[in-house]
Each structure stands twice: as C-alpha cells, then as structure tokens.
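Peer 1: Sequence:
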Amino acid sequence: MKSYNLLKVLLVAASVAADVKAVNKPAVRSSRIGRASAGNTRKFIVEVEPMEGVVNVWQAHKVAMPKVEFSESGPSSSIRNYSIHHWTGVDKLHAAGIRGKGSTVAIIDTGIDYTHKALGGCFGPGCKVKGGYDLVGADWETHNERMHPKQPDNDPMDYQGHGTHVAGIIAAKNEWLTGVAPEAELLIYKVFSDDPWETDEETIMQALCDAYNAGVSTIMHKYVLLLTGNLKADVITSSIGQPNGWSDNPWAMLASRLVDKGVVVIASAGNEGEFGPFYSSSGAVGRGVLAVAAANVTTKPNANRTGEDLGPLPVYFTTWGPTNELLLKPDITAPGYMIMSTVLNQSYEELSGTSMSAPYIAGIAALFVGQYGGRAFNGAGFAKMLRDRIASSGTTLPFVNNRLMRKYKASPFQVGTGLVDAWKVLNYDTQLEYEPFSLMDTELFRPRWSFNITNTGGRAHEYSFKLEPQAGFNIYDPEYGVALLYAIEPKNIDPPVRLPHRVLIEPGETRELSVTFGLPDVDDDYLPLYSGKVLINSDHGEKLAIPYGETLAGAAYDTEKAFDNMFIVDPFVTDPDKDSAWDIFEQGWSESLWTYPPRVGRHGFIGSATTMRDAEEFWFFDPTVNDPNDTLPFPLKRQSRGFHVFWWFGKLANGTRIAPGNYTSSALRQSKHLRSLGCHEQPYGQQYPGAAVQRYTQLDIEVQSTQVPGPEPWKGAPKKLTGNGSLLPCEDLALGLG
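Sequence positions in the sequence shown follow mature numbering (1 follows the signal peptide of the UniProt record, and there is no 0) and run -22 to -1, 1 to 716.
Think of the hints as simulated: they come from the structure by calculation, not from any bench.
Idealized CB from N, CA, C, for every residue including glycine.
Heads up, some of the hints might be wrong.
[To be verified] Listed next, with one range per pair, are the computed distances between beta-carbon atoms:
hint, residue 1, residue 2, range
1, A42, G75, 39 to 47 Å
2, A465, K45, 16 to 24 Å
3, H518, A42, 21 to 29 Å
4, N640, N470, 53 to 61 Å
5, G357, E30, 31 to 39 Å
6, S568, E30, 16 to 24 Å
[Claimed, not checked] In silico lysine-lysine, DSSO-like type, Cα no more than 30 Å apart, as pairs:
hint, residue 1, residue 2
7, K128, K362
8, K239, K521
9, K521, K79
10, K40, K151
11, K79, K402
12, K239, K40
13, K362, K444
14, K128, K151
15, K210, K70
16, K151, K210
17, K70, K95
18, K444, K469
19, K128, K45
20, K45, K95
21, K95, K151
22, K469, K362
23, K444, K402
24, K444, K521
25, K239, K79
26, K210, K79
All chains should be built: construct the whole structure from the sequences, respecting the hints.
Peer 2: Right, dumping it as structure tokens:
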C-alpha cells in the first residue's frame, strides 16, 4: 500500500462483516492508484470508492504539535521528593510493591531521550526503552515534502522534549522522581521531525500499526544488531490530536479496532477547553479509546493556591465533549497541570496539558497489566474490561470555568467520571461492563440503558444506586454560536430516572441491570446540555460510577441564529454528505436557477472550487513552502467546528482551471441542531437532502489570471508509508493505508 503526495487520501479496506477479518490481498492495485493520482482528487475518490474491497476513502489531514504550558525547571530543593500520586491512589500501589513490572507501553510522540538516567540511560534489550522506531527522520516537513521527505530510521531519539516528558510520567525512576509505573518497559514511535511543527494522520496510524504488530524481530540501531525479543505493547498512548469530533475518522476507527484486539488505547482529550463544548479531539473520539482530561492537583506553595482552592480541580484548557455524534467524551481525568518529568539533557521540567494526563492513565494501565497480565494472557476483551475499570473509578470534581463554583459538580462532558482512582482500578471486586449513557437529543432520545455488574471477589456484595446530577448549562450563545468556557453559567438540570433496586450479587455472579431516564422539564430554546453520573455503591465500601448526558433540542429551534457567520461549518452534522460547498457559476447566476444534481455546463454551473490544503495554517502564500496544486475539492467533508480559511488559485474540483472572466461565487455552509431530521427550506440547500438549515453567501468575482504561483507540481515517485522495517497495514485489523 502507498501514500501519494498529490492526493493525500487514506484508503481503508475492510470486511463488510461486523467482525474483523484479514485482508488477504490488496484491496486496490497500486498501479491503478498511481494512474488515478495523476488526475484530480475528486475524480480519484469517485473512481476508487466503488472498487471492490474499498469501504471508504478519506482525505488525510495534518496534525499539529501538541500545545503545552511551561512552568518550572528542576530539580530544585522545592521539588525534591515531589509526588502527586497520593491524589490518585498510585502511592498506595507503589507501597504494596505494584510498579508495572512485566508491562509494555508504546508511546507515539516526538521520540525519547533514552540516554536520560531516569529513563534507564540506554536503548534496546535489557533497557527500560526496549525498542521503537523513527517513522519520519530528522528533517521531514509536511508542507514541503519535495525538499524535505521522510527519512525513517531505527533511532527514535527526541530532540524536542515532549515525548521524553511523556515517557517520564509513565516510567521515570530516580531518587526523587517516580513515574506511575517505574518498572514498565517502553516502546517509542517517533512521528515528528527534529524541528517539530506537525505530523499527519497516516504517520500516526502507521505508528499504531507498528505498536500493535511489534513482535519477535531484529532491528539495527547505530550499526549494532539488536535482538529485540517480544515487543508487543499492552498499552498505546498518544498525546496528539486536533479538533475533529467524528468517531468514524480513520485514526479513531483504527484505534477502536486495536481496542477490539485487546490493546488499551489512550489519547489526550486536547487543550482547547476555552472553546467550550463540542470540540472533541480526533485521536480521542474512538469507541473504546480512553480519552483523558486534565486536573490540577497541585498543592505546592508556588502553585498560588490556598484555602478552599486546594485540592483537585478541572483545568481550564482541557477539551470538552461530547463528540459530534453526541457520544460522551472524555472518559476520565488525571493530573495534567504543572507535572514534573524528564526532558532533554538530563533535565526536568514542569509542563501542563492533557499531554501529561494521558500518560498518567497509561501508567495506571501498566500497573494493572503488571499485576494481572495483558492481552496475551486475558484475551481480546481485556482492553474493554480495563477501560471500564479505569473510567468508572472517577472521583467527582467541582465546576470551574473562570471561577470556582463548588455548588456545582464538573460535567462528564469536561472531566468524564472525574479524577482517576488507581486503587479502585486494581483492587475492587466490582467489575462494571457498560457504555456511557449517551442519551442523545430530544428527537433521538434513548431512555433505557443496560449494564452488567460482576462480583469478582470472594464475598457477596449488596449494591445500591443513586443519581448524581452535575452542572447543566445552555450551550447557545448569540455571538459565538456555541458558548465559550468563560460564558458558561452552570445550573441544576435533574432528569427523572428509574434506578435499579438494591441487589445482592454473589462471588463470581454477573447481573444485568437497567436504568431508564426521562426528559427534564426545562426550556430548550438555548440548547441546554445536562449530565451526571449513576453512582453504584456496595455495602463493602466500593464506589463506582457510570456517566450520562444529553442535549435538549426543541423541534422549533432555528439554528440559523446560532451560526450566522460564513464558514462556521456544521459542528453537529452526522450525515457524511452534509458539509460545506463552494460553487462557481456564470456571472449573474441566481438561486432560482439551481438544479440538483449540479452538472457542469447546465444552468450556469461552472464547477466546484478547490482550496489549498491546510490554507488556514498560513498567513501568506510562500511558494517555497506552499504547493497551490496540493488541493482539496469542495464539498469538504467532516469539518470541525470553528472558523475556516480557504485559498483558491483557480483550480476546479474536476481538475481543470477556470478561464479569466467574471463569475458568481456561491459558498454554502450548513448549520444544524442536534438531530438528524429537518426541512428543505432553501432550493440551493437541496444539494444536501435532509439538512435542517442551509445558508449561502453569493458574491460576484473577477478572475484576472489563472497562472499558478510557485513551483510546478512535484512529479516524483509516490512515497511509501514507513514502518519498523516494512509496511504494516494492520492486516488482521482489516485496515490498510493507501
């Protein structure tokens, strides 16, 4: 399978059956792909999608370097013997001798400084960092691959520090700093260059495949042959992502299939919390993937907090859910503010971000694996079981936006079930099996949910149940559409609910129980979002929780008032064809001439525009960096919530260039409330049947020149995806990368 510079699409070849089956032969012959790549992206997608073995085609996206906040460097006298583990129960596990021995955690990041003494000081068999791979090389640039292509090698050395900090949170060990699982072993997959700016989805997905497929192998490291032995990861963590709330994006789908195979997959929730709800991160939205929010558990004097402010609090930057499909995310919270860990040059720094909280959960998973075995011992259901144990352990946190309001409890849409409790994860008899109670919206309301309780201990437990409503709030904001974090005003929204009666469960017994919700009596004009937890308590003191949440959307609600700016692109749309369009017509065209489907040459339709890939990342066009021929055709699919910038250089979606002259440009974007049903109010919107509200902006434009700025399109050979010595298309996951 190959990745092509001009197309930048991901192909996924999968079994039509629900279960995962092997792909015994390539779904698409590379020669056919090569010929198609010489044309335009839209034509290629149209040709490839119906081919045998191809289930879907996605346009690949760049992924920016994670944002973190820097604070203190160390070590110093004020931070020696530093530990945050007493907040999470990890300290009690360490005291009991549980330190992650026998577990393997794979980290996808900027690499690792394996010479750091707190990380073992070496690379290869017998070292804490026992293996890994650099998938990109030192000088790779995603925006200028012609001059700076990938040059993968077997040395995942970190030259930035982010990956080294992540690794230290999991497994560092010296006289004053102890990671969550200090005896765990690490695999490192480097997906950023030495001067990191961004990576891309196909590289991250290849790293996931490498981590999953790593087995008995040999690698060459700095001219020395290393017999690596069994490298299989039980846990994969990545502190990488970008806003994309669709759980069917290819990265999320691959992560979910790894979970189905028994690998615990953990992802940072993201650091865009100031934008408010509905901003889930691409890597974290996969079903079964543990999306991790961040908490401030700091009580050191330099933290500037005293009195009632002391104690765990949600951090303002942690990204909010739900997903665009209204699924509850994130799942759990871990320490992620002012976290001391290893960095380059034998140094230490405090960093803040969900980049720090995700590896903390990976460390807890490693403690569990070290004590009870991983996927090889427990089978494919292991990852789902451990996900449920971790996610149900959370301790409730108070509500914080720009001020602390202990009267209200933080929503699962911000913190999952709350701050993780590792002692519960490893020691409770009670095992829950559940999916978060995502009640959906008013129209698609799902009232009844079932879950299983298994008593894994040696004594009977009697369980009782209680509803804990947490902060509700209106998400509609007249200025921003969706309320920003500082503007959220919490309020009490308590849904009616029928909980199970008390139940006695004997050792080894499993009982299926159910919860039935009703709609709360609340004004839905401003799109209220409400959530909470169903508390499950045993008579032996075990306390677990399952989160619930819903958005109320009134039938008469008009989201046209909520999203009144051009190019705020469907934050809530669930149909893959309901996206943003930019069409070019003959001068003087009006909406009354619209017909569906549009055909070039009829009723004034010239064609759909294109936009240079990742245009919104640049302030100006630089021909040495930007390639105006590397374009995406409209309509664009699966756009994240927010403002988007598009650059058009005259290329049309069918691959031709527009002639100089005067035209009418019509840009359509949709706004949609939180349900799948709607009306057809505007003829131009009938391009997207079933859409609730469409809006378009019509402009007269003059095209003076169709000369393409900058260099000619690259004519080089297609690039191959790089893996640990070979391409690893995750065959038994029924996924291939094209």
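Peer 1: Checked against the structure, which of the hints given earlier come out wrong?
Peer 2: Of the numbered hints given earlier, those the structure breaks are 3, 6, 7, 10, 14 and 22, listed in rising order.
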